[in-house]
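With the hints as extra help, turn the sequences into a complete structure.
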Amino acid sequence: MELSQVNVELTGADLFVRCLQDEGVEYVFGYPGGAALHIYDAVFKQDKVKHILVRHEQGAAHAADGYARATGRPGVVLVTSGPGITNTITGIATAYMDSIPLVVFSGQVPTHLIGDDAFQEVDAVGLTRPCVKHNFLVRDVKDLALTIKKAFYIATTGRPGPVHVDIPKDVTAQKTRYYYPESVNMRSYNPVIKGHPGQIKKAVELILSAKRPMIYTGGGVVLGEAAEALTELVRLLGYPCTNTLMGLGAFPGTDPLFVGMLGMHGTYEANMAMHECDVLVAIGARFDDRITGDLNKFCPYARIIHVDIDPASISKNVPVDVPIVGNAANVMKDMIAAIRASGRKPDQEALKAWWKQLQAWRAVDCLNYDRKSELIKPQFVIEKLYEVTGGDAFVTSDVGQHQMWAAQFYKFNKPRRWINSGGLGTMGFGMPAAMGVQFAYPDATVTCVTGEASILMCIQELSTCKQYDLPIKIINLNNRYMGMVRQWQEFFYDRRYSHSYMDALPDFKKMAESYGHVGMFIDKPGDVEGALKEALKMKDRLVFMDFITDQKENVYPMIAAGSGHHEMHLSPSTGEAPAKRELA
Amino acid sequence: MRHIISILLENEAGALSRVANLFSARGYNIDSLTVAPTEDETLSRMTLVTRGSEDIIEQITKQLHKLVDVVKLTDLTEGQHIEREMMLIKVRAVGAAREEAKRLVDIFRGRIIDVTDTTYAIELTGTGDKLDAFIEAIRGLGIIELARTGASGIGRGEKGLRA
Numbered sequence: 000m001e002l003s004q005v006n007v008e009l010t011g012a013d014l015f016v017r018c019l020q021d022e023g024v025e026y027v028f029g030y031p032g033g034a035a036l037h038i039y040d041a042v043f044k045q046d047k048v049k050h051i052l053v054r055h056e057q058g059a060a061h062a063a064d065g066y067a068r069a070t071g072r073p074g075v076v077l078v079t080s081g082p083g084i085t086n087t088i089t090g091i092a093t094a095y096m097d098s099i100p101l102v103v104f105s106g107q108v109p110t111h112l113i114g115d116d117a118f119q120e121v122d123a124v125g126l127t128r129p130c131v132k133h134n135f136l137v138r139d140v141k142d143l144a145l146t147i148k149k150a151f152y153i154a155t156t157g158r159p160g161p162v163h164v165d166i167p168k169d170v171t172a173q174k175t176r177y178y179y180p181e182s183v184n185m186r187s188y189n190p191v192i193k194g195h196p197g198q199i200k201k202a203v204e205l206i207l208s209a210k211r212p213m214i215y216t217g218g219g220v221v222l223g224e225a226a227e228a229l230t231e232l233v234r235l236l237g238y239p240c241t242n243t244l245m246g247l248g249a250f251p252g253t254d255p256l257f258v259g260m261l262g263m264h265g266t267y268e269a270n271m272a273m274h275e276c277d278v279l280v281a282i283g284a285r286f287d288d289r290i291t292g293d294l295n296k297f298c299p300y301a302r303i304i305h306v307d308i309d310p311a312s313i314s315k316n317v318p319v320d321v322p323i324v325g326n327a328a329n330v331m332k333d334m335i336a337a338i339r340a341s342g343r344k345p346d347q348e349a350l351k352a353w354w355k356q357l358q359a360w361r362a363v364d365c366l367n368y369d370r371k372s373e374l375i376k377p378q379f380v381i382e383k384l385y386e387v388t389g390g391d392a393f394v395t396s397d398v399g400q401h402q403m404w405a406a407q408f409y410k411f412n413k414p415r416r417w418i419n420s421g422g423l424g425t426m427g428f429g430m431p432a433a434m435g436v437q438f439a440y441p442d443a444t445v446t447c448v449t450g451e452a453s454i455l456m457c458i459q460e461l462s463t464c465k466q467y468d469l470p471i472k473i474i475n476l477n478n479r480y481m482g483m484v485r486q487w488q489e490f491f492y493d494r495r496y497s498h499s500y501m502d503a504l505p506d507f508k509k510m511a512e513s514y515g516h517v518g519m520f521i522d523k524p525g526d527v528e529g530a531l532k533e534a535l536k537m538k539d540r541l542v543f544m545d546f547i548t549d550q551k552e553n554v555y556p557m558i559a560a561g562s563g564h565h566e567m568h569l570s571p572s573t574g575e576a577p578a579k580r581e582l583a
Numbered sequence: 000m001r002h003i004i005s006i007l008l009e010n011e012a013g014a015l016s017r018v019a020n021l022f023s024a025r026g027y028n029i030d031s032l033t034v035a036p037t038e039d040e041t042l043s044r045m046t047l048v049t050r051g052s053e054d055i056i057e058q059i060t061k062q063l064h065k066l067v068d069v070v071k072l073t074d075l076t077e078g079q080h081i082e083r084e085m086m087l088i089k090v091r092a093v094g095a096a097r098e099e100a101k102r103l104v105d106i107f108r109g110r111i112i113d114v115t116d117t118t119y120a121i122e123l124t125g126t127g128d129k130l131d132a133f134i135e136a137i138r139g140l141g142i143i144e145l146a147r148t149g150a151s152g153i154g155r156g157e158k159g160l161r162a
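From first to last, the protein sequence lines stand for chains A and B.
The first sequence: position 551 = 550 (numbering that gives the first Met the number 0), numbered continuously.
The second sequence: position 13 = 12 (numbering that gives the first Met the number 0), numbered continuously.
For the record, the hints were derived by calculation from the structure and aren't laboratory data.
Hints may contain errors.
[Said to hold, decoys possible] Cut-off 25 Å, straight-line C-alpha distance, at most; resulting in silico cross-link-like pairs (DMTMM-like, lysine to aspartate or glutamate):
1) Lys315(A) to Asp74(B)
2) Lys61(B) to Asp287(A)
3) Lys332(A) to Asp320(A)
4) Lys65(B) to Glu53(B)
5) Lys315(A) to Glu566(A)
6) Lys315(A) to Glu77(B)
7) Lys89(B) to Glu99(B)
8) Lys148(A) to Glu11(B)
9) Lys383(A) to Asp254(A)
10) Lys65(B) to Asp287(A)
11) Lys61(B) to Asp309(A)
12) Lys65(B) to Asp288(A)
[Stated by the list, open to error] Derived DEER-like restraints, expressed as beta-carbon distance ranges:
13) Ser182(A) to His80(B): 32 to 42 Å
14) Gln356(A) to Ser52(B): 30 to 40 Å
15) Lys201(A) to Glu53(B): 20 to 30 Å
16) Leu160(B) to Ile335(A): 37 to 47 Å
17) Ala19(B) to Phe491(A): 32 to 42 Å
18) Arg72(A) to Ser52(B): 34 to 44 Å
19) Gly424(A) to Gly154(B): 39 to 49 Å
Just so it is clear, CB atoms sit at the ideal spot from N, CA and C, and this is done for glycine as well.
In structure tokens:
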């Protein structure tokens, strides 16, 4: 007899664990507490669903998130009421902004105490409501299994996102017959998957008529498992392709058709091509302000096609000419078929002239930096990391300058390898996210590129890494500043470095050692490569590499707020910009 | 422009709060909002009056659609529709004002539903404009208190908003 049809009475807690088993959940990241104790007891009595004990609930949410980003499967979190759920909020909001499928379960005080300001009571569904795709408060054990099924269904379909289920303690003690539904049908929730054929036809017509085309894709291509379709489409057309911060790896970073990341710290060629293009094909990207710059100066010559699974993302910030609602993979496959069936090819002459222009922009070499410096340049560390890992590592990051350098200098050829908090910009995300990735892929090289300010925000998870022997390689680009804050203060606040200096830092090498890991201190450019190689050889150890980097290095190119794509600040190390181009 | 959006949503705890949250989080205006269960008790019907440019209204309807509890919605102002609002208003009614109040109630086709020596409680139904006009007309007599329900509406013709 199928497990899901066993006709026995179970407590809510046992039923909860059975549901996770039947859902195929491999790992639950969590932290126990009073309201969740019945559930923790049920977790203890089985070993099918593995529970990973973190040191702070924020770490649980980020770890589950990292697991989800790396695998495409939903990440699962289990915490207690009150501070348990409030501590996860940053992690939930992080996942929400980047459309990551998470299912977060929290214990709640017993139903008869709800509203009484009971011990460790908080209005959990009220708190998470603005930063989840949906949430539930389960008031009856008979609703528990169906609610769990709905939570996984909603989190993983359509535009994915976190779903929160709050479970009062008495519900986990009540008994009911176990039944886990195979599927669920909701009248109020039916995401569109297929693109409209008429719109696809219109889009293909526009794509083939382009003289200066540009393909701009985002996280939706990664989330929608559409990297293969994108690669095929771009290569079929021979058009330039740029990825957003969230979309890196969806198109091979080493392909000559790839012009780099776009946006505030995008490449000169990507941003100039955005400004000058006549047809823009946006796929699974949401025209975020860090991408568009000043909306009044955005893509002034372009007619725009926008493919997105979320209708509300279309024409939200930028009006588009051809909207297509649908899953990125399905829509691109239909586009490829339509292009092939038409027997038409893009205008080769126009495309040749366009690529000539693109190469001239590329020749600016916008990511160049001072390679003769006596100090360790952070860009150099990432370049070496790329080399020694053969471009095949998982790279998580925190938020700030190091994140931008990792995005610019590590060329991702596969989706789901680059894992960072793009939308919310959560410092502290990197290491716990790397834990989730390492659980999903125990034998893979998982690296965390971070800075000394970010890493301290979830540093307690070094203890979790020790408990589960996670051999993460931490690359700490230590410039003794909140680098991105310092950079803005240098540019826009007349060098008044208000509270951006990290004073009284720990000795990271000793700190790592005190947690039982390997620590390394590197302060000479000549030692960078050797240190990385040595660390990567330690397959079964977490290695914390503290690189003392140039304090004054800035991230270039940069589009300041209120500027357009053609108004970039370029690095002093960059070659001459082509003539007749206006630069700020 | 003013829009009346009619929404069918699951009659579940938190559904109203999700709609209200959406409006405050994204900075949209709510002129009025009414909600009550329909003949099918699993469904509530909400009438929401809002203002904004066409772009904003498009975003509002898309964002509302995205809420998992929302089953269906329609912008009533896009077609022929009927709109009504009910108001209960208590006014001072002493001496000559007593007759004057009664006359105004008759003109506006309202009903006096409670009477004391010094006051009338009046029930009045109509469009928001009509209620506004009545308030202006009777203001001089002295308004003690008033309660308006906010607009409720349905489309004209055979079609209806159904799950």
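*Hints the structure violates: just list their numbers, smallest first.*
none
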